[in-house]
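Asks: One-letter residues, chain by chain:
Protein chains: 2
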Amino acid sequence: MPTPHPTAGPARSSPPHAAPPPYRDPAAPLPARVADLLSRMTLREKVGQLNQRMYGWDAYRRTPDGGFELTEALYAETDRFEGLGALYGLMRADAWSGVDHGSGPGARDGAELADLVQRHVVERSRLGIPALFVEEVPHGHMALDGTVLPVNLAVGAGWDPALYERAAAHAAAELRARGGHVALVSALDMSRDPRWGRTEECFGEDPYLAARLTEALVHGMQGEPGEHFAPDKAPVVLKHFAGQGATVGGRNSAESELGPRELHDIHLPAARAGVRAGAAAVMAAYNEVDGVPCCGNRALLDGLLRGRWGFEGLVMADGLAVDRLARITGDQVSAGALALNAGVDLSLWDEGFTHLEEAVERGLVSEETVDAAVARVLRLKFRLGLFERPHGPHPKPPSAELGREVSTALARAAVTLLHNDTGVLPVRPEVTRIAVLGPHSDTTAHQLGDYTAPQGPGTGTSVLDALRHLAPPGLDIPHAPGCALTGDDRTGIPEAVAMAAASDLAVLVLGGSSARTPDTEFDANGAARTALSHMTCGEGVDLAGLRLGPAQHALLDAVTATGTPTVVVLVQGRPHAVPEAADRAAALLTAWYPGPWGGEAIAEVLLGQAEPTGRLPVSVPRSAAQLPVYYNHKDTEYGGYVDDSAEPLYSFGHGLAYTTFEFGTPRVSGREVAVDVTNAGERHGRTVVQVYLRRLITPVWPRTLELCAFEAVALAPGERRTVTMTLCAEPACAAAEIRVAESARAALSAAPVVLDLRT
Amino acid sequence: MPTPHPTAGPARSSPPHAAPPPYRDPAAPLPARVADLLSRMTLREKVGQLNQRMYGWDAYRRTPDGGFELTEALYAETDRFEGLGALYGLMRADAWSGVDHGSGPGARDGAELADLVQRHVVERSRLGIPALFVEEVPHGHMALDGTVLPVNLAVGAGWDPALYERAAAHAAAELRARGGHVALVSALDMSRDPRWGRTEECFGEDPYLAARLTEALVHGMQGEPGEHFAPDKAPVVLKHFAGQGATVGGRNSAESELGPRELHDIHLPAARAGVRAGAAAVMAAYNEVDGVPCCGNRALLDGLLRGRWGFEGLVMADGLAVDRLARITGDQVSAGALALNAGVDLSLWDEGFTHLEEAVERGLVSEETVDAAVARVLRLKFRLGLFERPHGPHPKPPSAELGREVSTALARAAVTLLHNDTGVLPVRPEVTRIAVLGPHSDTTAHQLGDYTAPQGPGTGTSVLDALRHLAPPGLDIPHAPGCALTGDDRTGIPEAVAMAAASDLAVLVLGGSSARTPDTEFDANGAARTALSHMTCGEGVDLAGLRLGPAQHALLDAVTATGTPTVVVLVQGRPHAVPEAADRAAALLTAWYPGPWGGEAIAEVLLGQAEPTGRLPVSVPRSAAQLPVYYNHKDTEYGGYVDDSAEPLYSFGHGLAYTTFEFGTPRVSGREVAVDVTNAGERHGRTVVQVYLRRLITPVWPRTLELCAFEAVALAPGERRTVTMTLCAEPACAAAEIRVAESARAALSAAPVVLDLRT
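Keeping their order, the protein sequence lines are chains A and B. Final position of the first sequence in our numbering is 759; the numbers increase by one with none missing. Final position of the second sequence in our numbering is 1759; the numbers increase by one with none missing.
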């Protein structure tokens, strides 16, 4: 039965001297505050709380004196629903929003802008309900002066949840310091097809690794679980739920044909871990799963997430995803109704949710369903203390220096040495001249990844800068770019070749880019429509062939043909297929998109000032023709292709150190696995001890291997330590093997310890 | 409760003058005969009926006088279970079995061998139970002198169920004439990834087309539905059930991750149609679907197939598929039990089913379950009349000439003209010299496809032979192969180039091969393990890159570079990615594997003696990197890749005629669609009118298009006819569009007729 509508009177605040209503009482229990406020709201006001229609950058403009003023667009939006539920991207700065250092809010004045908007919203709201400021924080706050962190794929390569938790805490503190509230963070997408342009936003291909990092993310951003968030902590919206990494052909927002077991095994564990860790919200994904679009999937959002998992948070729809449902419902009103009934609470940019009043009138949704969604939005606002502190005071921002430190530490952890057969690395003392070549070597612009704001001048370190800065005196370091990231202009290659030929070593920095430029064309949801300039990756930039620009391949061929030992460094948002580098380079590293200070991290590893500690969070394919190549496929009897291997070029978990490690036979007791690890080389090093499960007797066809625990250990030369890990859960099988190794491929031949769980 | 065991006495036949037992009475109702016989059998005898362990070619050998004798292996097998349930491949001849014209049975003496074996089996069986002779008949009986038909993919290209029904009837008659009983036929696999080596065994990518052809197959082979099979009709085992075309990466027997809706929409309709048409048996596939192996999938075999579909026939497991279940059950005994409990009746080559007595003793299966499976095997033997006529008389074989006619007709229907922009085809009267080039042009060996027996000398026609035979007098037709199908030997290219340069037209016949040779290595189930010699396709021959041999590409480049108009003909078992041919050839045709007389069909089309009538049953990709490319993907908003299109090079349904057709606006009335079709050109021609459904208002995310009816129409120049078709079923949606066109791509821009089904 619908709640009776209170009369929406003109009064915008309580009469003087009256006792404040219960919802204004910070000491009242949270459910009571929510219920009280809800009971006072009109249907229109309620519907307003479920909308997040504006682009934040349309809400303000710069004044001639350098301050901000609000726009007619904001006034119109707050008038429409007599308030504002949420505002997306008030501080977003990038090529799509058109916001840059000239027009947008930075660290200095972001909070001032947030307060200005919030004052207007609260004033315009009869009941004084503040807006949620929802911001993109996929790898640092996507705002001017925000600290850019390495992308998720690089975080995945670090296998270091504790470090990532610190970085996430930093990003949340930056967000809250400038008046933002809610962080949209990539975490749940699994990288199953590197053709997908959003591969960089994934922690990798493995559900356990992604779950551990998602847990760290939630802990880092939200802090200790509790009713209220600390002032420097930000509720997260974990995106995307669910199966978006499994769309066919790696095509963005395409269908996912997965069955429920595959979805549960691979694509849901990160979400489950995030929910367990207390995530405040999840974002329902664009894609459908086996016919049912996530934003209209009641079984997924209501049945699984809220029902079986007990999730009490908010479900936000991805941008314009509700309106897309009109394709199957026939119009936007019924699209909004479908999404709300399925379990979506808060829409993003859609028309559909603006018509929920009509949907109630048409009987497509009940007002109880509206109320339940509104309650979840209000609850989050109460948990953030917005009614008590709608506009500050805001906490002091963490120092930019700390941001640089944590970003660089994450980058350092991500640099992964894939091969080094000739021992060319670390750079030997006898090397006197290093030619630093390639289109990625002298720029930081393409180290950042998608969803990054324009960087201030001087932010970041390129590989060339860092090598010149860190190299011992007397080491000559000439540079030539050789070619651009894209296209087939080879005119710069001869210069690079001459330089390589005249050097002891060539460092060739190749790769891709997700850097959006003002000439990029965008879809209505900000995905890139055409990849102009240098874009080869990022949202909307799906790649069939996985190859670098043709000139880069020509440069690689030409430089390696000189005979000068060549170290290839790949800076990339996905594993590109560059098997030539594996064949011809003396050493090969990938740094993914390591962030602004990635050049420093790479240079430290090259010079041996840091150990290479990254491990692959994804299998690296030989070519797009052999996809998929993830290690945790089913244990079937198929062999390879007749014209190529079905095995990846480099295995999940692979990554070399400058030393070597030896593993003892694992010992298993209950859910504990212990293994003795020895640094058998002559340098300090860190390895990631990886525990894989191989199910033997099981009702469902098993995977070849499943990662079920890992732990990094740093050891001095000759040092031995026993590493004890806890298996993620009791394996749901009657018998299994445990194999401990330094990569999935190595685990295939590692000595198994058989667990018979039938007795 | 288990049936009480009768005592297995030494008596092998009824005492003299006693009334024959009910199971021997042809007038008794079939269920009563089955029940009576079952009640007389020991558990061991029953288990024997469920096994089909031997390779048929191990059952006999040639005697010096040219006859046959039985082997110790057969004696041992019939001793083991006091009879024989079924014998696989008694007449199979190919490189794997090692059977050839010197050693194996042919049209002349096949029945004699079958009778010899059957006499022994019946004698050895206490109750006189004959064996089922199960033979491979995927595209004609895979036996010496069997008529080879074009592969299924070519049949799919014909879009002619009536013609295929005639061909299927011919194959069944050949099988029965030489004493075979049951035909193993490919029908149910859908081509969703052309990397799969068994793509040639699919009718294409579309479930409706496959369903229509499966129905025709069952009608053709089995005849009118009824309790008994006519003497020249053969019960079919439709293979494979289910989802085998959807294994990841196109890898044979790998996992399929499909959800239930995708499985039902795409992979089950052909099976459903086959069951509705009365198919006697289906084969449970190797692969798993979302974790559950088909041979252990009770929901699929018992719940769906027998329960919801009402299937009363036999379920046979694919070769060694039961034993593979030991991977998850722990041993072969429990593997056999899992398969039997799931609904498998008859095993092929496995050890698992030989231990069913032990499985009963261990309580893993009940004797009722064994009985139910045995009853289904016995029922098929009664339906075949084997108790009445265990060894003939066999029907007279159809004439070889008729076989050639029907095979050639199917080949002719399959030849598909993909482009002919310059109108170079049909060959113009002014052409005086045609250079016939390419490794496929002067041989029939590679036109046949996998699962074919060695051909007798002189069987078949190559493109070169046919062109020389059919061309008008005075047309000079020189020939050079240019290169081999595989490898990169380019030494023959200059000769071909010189010949092309000196001709008015070049016909370049390229492609792949599934021809197995004695040096091919085989897995235990007959799949090719290594692709030696010319194999680029067939079971076990999965291809990552979809490219032809490198020398073939070089030959194509060199011949087209001469400037002589070049017609490229692709003879292949899958759509290879040869976009160069689309760019550089004056015309392009594909004939798939058209069978022995394919050269004739191709030459007729080239010369204009036959019209090109084939239409693509699969989308042709530009490269493996853009897979999947099937037309009936979901209607999502994704665009292409930034480095390539996501659209196929040629669309499903595409195929040019030598004339053009115009379609009127379709008229829909109930489930009838009528459209006026006009031959707007100056030649006779045949087009396939294709009706596509585009769901509008629907609970489940729809596909862009779904084929829902088709009809071929042949028209004289200027002729117009109204073609009336019946939609496959009431679309399960509230509103839909109907679009009629000559291909899926054309349907995208065809004028829609909207059906509002809500009223």
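Just so you know, not all the hints are guaranteed correct.
[Stated by the list, open to error] Far from chain B, some chain A residues (derived; all Cβ distances over 12 Å): (1) L38; (2) E255; (3) P473; (4) T491; (5) P494; (6) D644; (7) A674; (8) P699; (9) W701.
[Unchecked claim] One side of the interface only, derived from the structure: several residues of chain A facing chain B at Cβ under 8 Å: (10) P628; (11) V700; (12) V713; (13) P717.
[What the hints assert, rightly or not] Pair ranges (Cβ atoms, derived): (14) E1368(B) with G303(A): 50 to 60 Å; (15) D421(A) with R1490(B): 30 to 40 Å; (16) W309(A) with A1076(B): 36 to 46 Å; (17) A1501(B) with T432(A): 48 to 58 Å; (18) P1021(B) with G303(A): 33 to 43 Å; (19) S669(A) with R1040(B): 33 to 43 Å; (20) A1076(B) with A732(A): 34 to 44 Å; (21) T726(A) with E1358(B): 45 to 55 Å.
Please keep in mind that the hints were generated in silico from the structure rather than gathered at the bench. This one's a predicted model, so the numbers in the text were calculated from it and none came from an experiment. The beta carbon of each residue, even a glycine, is placed where N, CA and C say it ideally should be.
Asks: Each hint needs a verdict: does it hold in this structure or not?
Replies: Status of the hints after comparison with the structure:
1. L38: Correct as stated: the minimum Cβ-Cβ distance to chain B is 31 Å, above 12 Å.
2. E255: Label violated. Min Cβ-Cβ 4 Å, cutoff 12 Å.
3. P473: Correct as stated: the minimum Cβ-Cβ distance to chain B is 44 Å, above 12 Å.
4. T491: Consistent with the label, T491(A) stays out of reach of chain B, its closest Cβ about 22 Å off (over 12 Å).
5. P494: 26 Å, holds
6. D644: Non-interface label on D644(A) violated, nearest chain B Cβ at 4 Å vs cutoff 12 Å.
7. A674: 27 Å, holds
8. P699: 7 Å, violated
9. W701: At roughly 4 Å from the nearest Cβ of chain B, W701(A) sits no farther out than 12 Å, so the non-interface label is violated.
10. P628: This interface hint holds because 6 Å falls under the 8 Å limit.
11. V700: 4 Å, holds
12. V713: 34 Å, violated
13. P717: Hint on P717(A): violated, closest Cβ of chain B at ~42 Å, above 8 Å.
14. E1368(B) with G303(A): 50 to 60 Å: 37 Å, violated
15. D421(A) with R1490(B): 30 to 40 Å: Given a distance of about 33 Å, which is inside 30 to 40 Å, the answer is holds.
16. W309(A) with A1076(B): 36 to 46 Å: 58 Å, violated
17. A1501(B) with T432(A): 48 to 58 Å: 57 Å, holds
18. P1021(B) with G303(A): 33 to 43 Å: 57 Å, violated
19. S669(A) with R1040(B): 33 to 43 Å: The hinted range 33 to 43 Å is violated for S669(A) and R1040(B), with Cβ atoms some 57 Å apart.
20. A1076(B) with A732(A): 34 to 44 Å: About 42 Å separates the Cβ atoms of A1076(B) and A732(A), which means 34 to 44 Å holds.
21. T726(A) with E1358(B): 45 to 55 Å: 40 Å, violated
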